[in-house]
Structures are given as C-alpha cells and as structure tokens.
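**Q** Read in the working numbering, the sequence shown has 118 at position 116, and its numbers run on one by one without any break.
Read the hints as simulated data drawn from the structure, not as lab findings.
Here are the in silico distance ranges between beta carbons for each label pair:
1. Lys-39 <-> Phe-149: 53 to 63 Å
2. Ile-204 <-> Val-289: 18 to 28 Å
3. Arg-275 <-> Gly-63: 19 to 29 Å
4. Thr-17 <-> Tyr-140: 36 to 46 Å
Below are the SDA-like pairs computed for lysine to any residue, each with C-alpha atoms no more than 25 Å apart in a straight line:
5. Lys-151 <-> Asn-138
6. Lys-142 <-> Arg-183
7. Lys-209 <-> Ala-143
8. Lys-209 <-> Arg-183
9. Lys-264 <-> Pro-215
10. Lys-160 <-> Ser-202
11. Lys-119 <-> Glu-268
12. Lys-134 <-> Pro-179
13. Lys-112 <-> Gln-50
14. Lys-211 <-> Glu-181
15. Lys-209 <-> Pro-276
16. Lys-264 <-> Asp-233
17. Lys-97 <-> Glu-256
C-beta: ideal position from N, C-alpha, C; glycine also.
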Amino acid sequence: MENSQDFRFICGARTRYPQLSHASNIITKITGNLTAKEKSALDLLIPQYADYLREMLGISGFDKASIQEKVDYLNEYYNFMHYNQLDRAFSSQGKFRPTILEEFLYLLFKDYVDSVKRRYDKKGVLGSGAVKAYSNLYFKAKNFSDFIKSPEIGVNEKDQDYAIFRTFEISINKSAPLEIRIPALAIEAKTYIDKTMLDSIIATAEKIKSGNPHTRFIAVAERYDVSYTVDPAYSRIDQIYILRKAMRKTEWKEIDKDVVWKMFEETVSHLERPWSDIESRIKNEGVVI
Numbered sequence: 003m004e005n006s007q008d009f010r011f012i013c014g015a016r017t018r019y020p021q022l023s024h025a026s027n028i029i030t031k032i033t034g035n036l037t038a039k040e041k042s043a044l045d046l047l048i049p050q051y052a053d054y055l056r057e058m059l060g061i062s063g064f065d066k067a068s069i070q071e072k073v074d075y076l077n078e079y080y081n082f083m084h085y086n087q088l089d090r091a092f093s094s095q096g097k098f099r100p101t102i103l104e105e106f107l108y109l110l111f112k113d114y115v116d117s118v119k120r121r122y123d124k125k126g127v128l129g130s131g132a133v134k135a136y137s138n139l140y141f142k143a144k145n146f147s148d149f150i151k152s153p154e155i156g157v158n159e160k161d162q163d164y165a166i167f168r169t170f171e172i173s174i175n176k177s178a179p180l181e182i183r184i185p186a187l188a189i190e191a192k193t194y195i196d197k198t199m200l201d202s203i204i205a206t207a208e209k210i211k212s213g214n215p216h217t218r219f220i221a222v223a224e225r226y227d228v229s230y231t232v233d234p235a236y237s238r239i240d241q242i243y244i245l246r247k248a249m250r251k252t253e254w255k256e257i258d259k260d261v262v263w264k265m266f267e268e269t270v271s272h273l274e275r276p277w278s279d280i281e282s283r284i285k286n287e288g289v290v291i
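Work out the full structure, taking the sequences as your base and the hints as a guide.
**A** Quick look at the structure:
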C-alpha cells in the first residue's frame, strides 16, 4: 500500500500543501499500526481519495461553478465511504471523518486566498488552514518587582479548524518578539453539532471576536443535533451552516451545493467590504455597522 502510485501522490500533495489534514491523517494511519479492518478500509479508500484530491487540486478559480464542482467531488468521496460503511473502520479518536471537512474548507478557499496574496500580501504574512488563533493577551511577572521592571506578555489562543489569518509579531521592553495569528475568518468544523458543542462554539466565538471584532466567526457542520427551541442568535457566532440541511438522525443527504456557495459568498463579501470605514459604508451600502 505504501508503495502504490496513489499513496505516493497523496504524500507528494501533502508535502506541497501541508494544510491537507485528511491526507496527513491517512499517511499517519498507513505508517502506523493498522488493524485488519482499518487496512481493508484504506485499501479501498486510498485510490478513491487520490482521485478526489487530483480533481480538487485541478480546479482553479472560485466562481460559483468552480465551487459547486468541488462539492460534487466531495459528495462522491463521502458517498463512497458511506455506502461501503468504511468510516466505521476507524475510531472517533482518530479523526478520520472530521478531517475530510477540515481539509475541504482549505481546498474551498485556497484559490481565493491565493488571489488575495497576489493583491495585498507582499510581505507573506497571510496564512490559511488550521491554526492556534489569537484571542487575547495579558501581562505576567514573577512578582511585583518584576511587574514594574520587566513585565512579559502572555497570549491566549484557541484552536481553529480553519482560518484565514495574518501573522503579527509583538513585544514589550525590547523582549523577544512573540508571534500571534489574528484571524479575519475563523471556522469551527464539525461532523455534527449537539448542545454541548454549541455551547463550546459560542464561548470560542466570544473569545475570538474579543481579540478581533472584525473576525467573521462561523460554524460549519454536516448535520445538526440541537433542539429547535435553542436559538444561538444571541451569541457572537456570525452564522452556522448545516451542509446536509438535515438533523443528525435523519436519512442520508448529500452536501448541499447552494449552502456551500452561500457560506463562501457571504464570507468573501465580509472580507472584501469596509470593516471600520463608516463613511464608505454609508455611501456604498447605507449602513453604519
């Protein structure tokens, strides 16, 4: 299996694009200790995944047709795995299935991020992918004397499944610079969202948007498992997208192309519109916030 042409392609793609989290997951499993059940599943999945990845990396552009073509290939991969019951071969702790969606988000926004880099990023400070995102900083010292003479900076961070972020370096009192990553877009990606997960996402949104109020913070899940009576509109989550337009225990549905396009379009709209230029907002949109 490790010597197959498909596996070598996957390894090469991951080397070129380290953000390919599902490729990394597969490589880790192949080079680890597999059960017979896992090996049998991967024997079937690796050719399918390699074809999927070839097609995804072969699509250039981020117009509606290109985005929806990516969703078609994603559905093919999900459907193959679902109808052959291959995801049951792996434990939930191994994160095999969750990394599919996490990686898809990177592939979904990849060409848009590349276009932004060509336009604005002459210093190479823009990044995308899974990241420890800045939420807030604090000052620390061993004692009161150190607080006066040589305080240090501490940073709190939150793991984000996908983000478009800028890297900064900050320091005080000529101390060594501390690198932080502030997201313009932060995404929590889930196979499904239940009430406990929703509460956690709400808390994370509060922390991330306290660090940068201009961050677009969204959650993306295949399915939903929260009572309709629970309304997260009061939170600082900008939107929750349910890609299969289904509750957790309903029949199998494909990822909805229109939902993915809506997520992509609304995100790009936020990133491209004025953030704090009130004069421009009023003139162009007739709004203040």
